[in-house]
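Participant: So the chains spell out like this:
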Amino acid sequence: MAELARLQADFAAAILGPDADVGGLGGRVEGDGIPAPLRLNVYRNNFRQGLGTALAEIFPVVQAFVGPAFLKAALRHFVVAYPPSEPMLYGYGAGFADFLDHFPPAAQVPYVADVARVEWAMHELQNAVEEGVLTTSALPEAGRVRLSGNVRLVVSRYPVASLWMAGTGQLPPEAVNPDAGGQTAAIVLSDMEIRLLPLEGGIKTLAETLWRDEEPDAAQLVHLPALAGRGMLTDGETQA
Amino acid sequence: MPILKRTEASAGTEIGVGLKSQHYQDVVATSPALSFFEVHAENYMMKGGAHRRWLDAVSDRYALSLHGVGMSLGSVEGLDTAHVRRFRSLVDAYDPWLISEHLAWSRTGGTYLNDLLPLPLTTETFEILVANVSTLQDAIGRQVLVENPSAYLSFVDSHIPEVDFLAGLAERTGCGLLLDVNNVFVSASNMGWDARAYLDAVPASAVGEIHLAGHALKEVNGLPLRIDDHGSAVSEEVWDLFRHLIRRVGPRPTLVEWDTDIPALPILLAEAEKAAVILAGETGRRKAAHG
Numbered sequence: 001m002a003e004l005a006r007l008q009a010d011f012a013a014a015i016l017g018p019d020a021d022v023g024g025l026g027g028r029v030e031g032d033g034i035p036a037p038l039r040l041n042v043y044r045n046n047f048r049q050g051l052g053t054a055l056a057e058i059f060p061v062v063q064a065f066v067g068p069a070f071l072k073a074a075l076r077h078f079v080v081a082y083p084p085s086e087p088m089l090y091g092y093g094a095g096f097a098d099f100l101d102h103f104p105p106a107a108q109v110p111y112v113a114d115v116a117r118v119e120w121a122m123h124e125l126q127n128a129v130e131e132g133v134l135t136t137s138a139l140p141e142a143g144r145v146r147l148s149g150n151v152r153l154v155v156s157r158y159p160v161a162s163l164w165m166a167g168t169g170q171l172p173p174e175a176v177n178p179d180a181g182g183q184t185a186a187i188v189l190s191d192m193e194i195r196l197l198p199l200e201g202g203i204k205t206l207a208e209t210l211w212r213d214e215e216p217d218a219a220q221l222v223h224l225p226a227l228a229g230r231g232m233l234t235d236g237e238t239q240a
Numbered sequence: 001m002p003i004l005k006r007t008e009a010s011a012g013t014e015i016g017v018g019l020k021s022q023h024y025q026d027v028v029a030t031s032p033a034l035s036f037f038e039v040h041a042e043n044y045m046m047k048g049g050a051h052r053r054w055l056d057a058v059s060d061r062y063a064l065s066l067h068g069v070g071m072s073l074g075s076v077e078g079l080d081t082a083h084v085r086r087f088r089s090l091v092d093a094y095d096p097w098l099i100s101e102h103l104a105w106s107r108t109g110g111t112y113l114n115d116l117l118p119l120p121l122t123t124e125t126f127e128i129l130v131a132n133v134s135t136l137q138d139a140i141g142r143q144v145l146v147e148n149p150s151a152y153l154s155f156v157d158s159h160i161p162e163v164d165f166l167a168g169l170a171e172r173t174g175c176g177l178l179l180d181v182n183n184v185f186v187s188a189s190n191m192g193w194d195a196r197a198y199l200d201a202v203p204a205s206a207v208g209e210i211h212l213a214g215h216a217l218k219e220v221n222g223l224p225l226r227i228d229d230h231g232s233a234v235s236e237e238v239w240d241l242f243r244h245l246i247r248r249v250g251p252r253p254t255l256v257e258w259d260t261d262i263p264a265l266p267i268l269l270a271e272a273e274k275a276a277v278i279l280a281g282e283t284g285r286r287k288a289a290h291g
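Here the protein sequences line up with chains A and B, keeping their order.
Counted from 1, the first sequence has number 14 at position 14 by my numbering; the numbering is strictly sequential.
Counted from 1, the second sequence has number 130 at position 130 by my numbering; the numbering is strictly sequential.
Just so you know, these hints were derived from the structure itself, not from any lab.
C-beta: ideal position from N, C-alpha, C; glycine also.
Any given hint could be a false lead.
As the list claims (entries may be wrong) - In the DSSO-like style, the derived pairs of lysine-lysine whose C-alpha atoms are separated by at most 30 Å in a straight line are:
1. B:20 <-> B:218
2. B:20 <-> B:274
3. B:20 <-> A:72
4. B:47 <-> B:20
5. B:218 <-> B:274
6. B:274 <-> A:72
To be verified - A few chain B residues that don't get close to chain A, going by computed Cβ distances all over 10 Å:
7. 30
8. 45
9. 75
10. 120
11. 138
12. 155
13. 157
14. 160
15. 221
16. 232
17. 260
18. 289
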């Protein structure tokens, strides 16, 4: 067992390591005509390109802001620093927004991390089982209400909903000033469609309280019907 | 535990293509004349959502081939039991006609490397494959077809030719083989093997499915290196090898894969049609020759 275990650990280290470095694989890879480091680069490229391409499909709006070359470079850093732990790639990439927060080249566009959070929320909901929701008329008189699993919230210091709309061509770019102040965007799966809803005022405050899993006060609860009307409250059951 | 072999009910002339999300709508709207669709198991392990709904719709109309790409049958640490459970749930949900995985590894120390990585073909590796393939077949109660991967390098301590390794694996575990003709060609070119000799050495009775795909030709260090990118039409050399194989082993369910630079559905269907014509032609010729 020991031989193969060591080889697999060395191979993984080589794939995640710098180009042309064969590490512990030195002398164990046959290089007929094409030297071993160049042969190993094929696997290194497959890893970076395969994951990079899969992730780029999840973040088209980020790409609209930073351009394909920047996104590709950022993803290449991300996949090596945070490789997947499971083979279901649809579940890989949740950490990309946090990565962008700390990726020095993205410092000029600090709002794209929140745009990435919106896109990840949409991606995640695409693969989710839609839960049953409370209708306005079925609101309980008392007791705890919770946000539905069909909902994700992105609370941003930037106008993230407007930025997303500019990135998807629904608003002209010149209409959005990234420094115009924060917005909270709700991403909601409803009737098999995913929508982005900018939240404001009392609805925003109530949604944020529920998102933090805290108890809303009486003043906030006035806005429950509005949240129910947007299909954002769970009925406590999950549809088959 | 007896292993259910659904391939025994096969005529062998079935043609399929890999199902891509870009083609969902066209497939369901136009119901192309194919026998089956193949899906990568790991793309459908979520509990619900749009992809599962499309898969439900396609599997209502066609036989399904479930093709795992992340089981890491060559992992020295054994199979990931959670992943085996997820795989089994898909088998239970869709009762696929064919089930396959790869002679490769992709997972070590909790990291998934998202590729079909090469193995040194040694007796140590062989015993690991025997154990892992048996574990998977026992868990799902079905025969698994094991596919030959594309290789860009080999290890100095490999001492079992790949085709013998696979034949031995089939014999020991009762698994079948998924023979990827493009991979045979790519590996043979990159490693200096003889592709025809490889095909001639495959135990015909073990072959349960054939894969065809396109590959890219690159130049590395002034020498050609073929990259199995599934991003173009099947090459002429691979069609020739396919004809040769069918003449030898007879018809087998055949799949055309196209996974990068994905074209419009009709282009993929035209490739499938080419495979169908060859399969029918060579099968007819074979019958005539054998009386």
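Participant: Now look at each hint and say whether the structure bears it out.
Facilitator: Structure-based check of all given hints:
Between residue 20 (chain B) and residue 218 (chain B) the alpha-carbon distance is near 26 Å, which keeps this suggested pair within the 30 Å criterion. In summary, the hint linking residue 20 (chain B) to residue 274 (chain B) is supported, as the alpha carbons are separated by about 20 Å, within the 30 Å threshold. A C-alpha spacing of about 23 Å is found between residue 20 (chain B) and residue 72 (chain A), which places the hinted pair at or below 30 Å, so the restraint holds. Taking the CA atoms of residue 47 (chain B) and residue 20 (chain B), the gap is near 19 Å; set against the 30 Å cutoff, the hint holds.
Annotation: proposed proximity of residue 218 (chain B) to residue 274 (chain B) holds, straight-line Cα distance about 26 Å (limit 30 Å). Proposed proximity of residue 274 (chain B) and residue 72 (chain A) is contradicted: the alpha carbons are some 36 Å apart, above 30 Å. With a least beta-carbon separation of about 22 Å from chain A, residue 30 (chain B) lies farther than 10 Å from that chain, consistent with its non-interface assignment. Non-interface call for residue 45 (chain B) relative to chain A: violated, since the shortest CB-CB distance, roughly 5 Å, does not exceed 10 Å.
Distance check on residue 75 (chain B): its Cβ comes as close as 7 Å (rounded) to a Cβ of chain A, failing to clear the 10 Å threshold; non-interface status is violated. With a cut of 10 Å on Cβ distances, residue 120 (chain B) falls inside the contact zone with chain A, its closest approach being about 6 Å. The claim that residue 138 (chain B) lies off the interface holds: its Cβ sits roughly 20 Å from the closest Cβ of chain A, which is beyond the 10 Å cut-off. A cut-off of 10 Å between C-beta atoms contradicts the statement that residue 155 (chain B) is not in contact with chain A; the least separation is 6 Å.
With 10 Å as the threshold on Cβ separation, the claim that residue 157 (chain B) sits away from chain A is violated: the shortest Cβ distance comes to roughly 7 Å. Every Cβ of chain A is farther than 10 Å from the Cβ of residue 160 (chain B); the closest lies at roughly 14 Å, confirming the non-interface assignment. Annotated as non-interface, residue 221 (chain B) brings its C-beta within 10 Å of a C-beta of chain A; the closest such distance is 5 Å. With 10 Å as the threshold on Cβ separation, the claim that residue 232 (chain B) sits away from chain A holds: the shortest Cβ distance comes to roughly 16 Å.
With a closest Cβ-Cβ approach of about 7 Å to chain A, residue 260 (chain B) is found to fall inside the 10 Å limit, against its non-interface label. For residue 289 (chain B), the condition that its CB be more than 10 Å from all CB atoms of chain A holds, with the nearest at approximately 38 Å.
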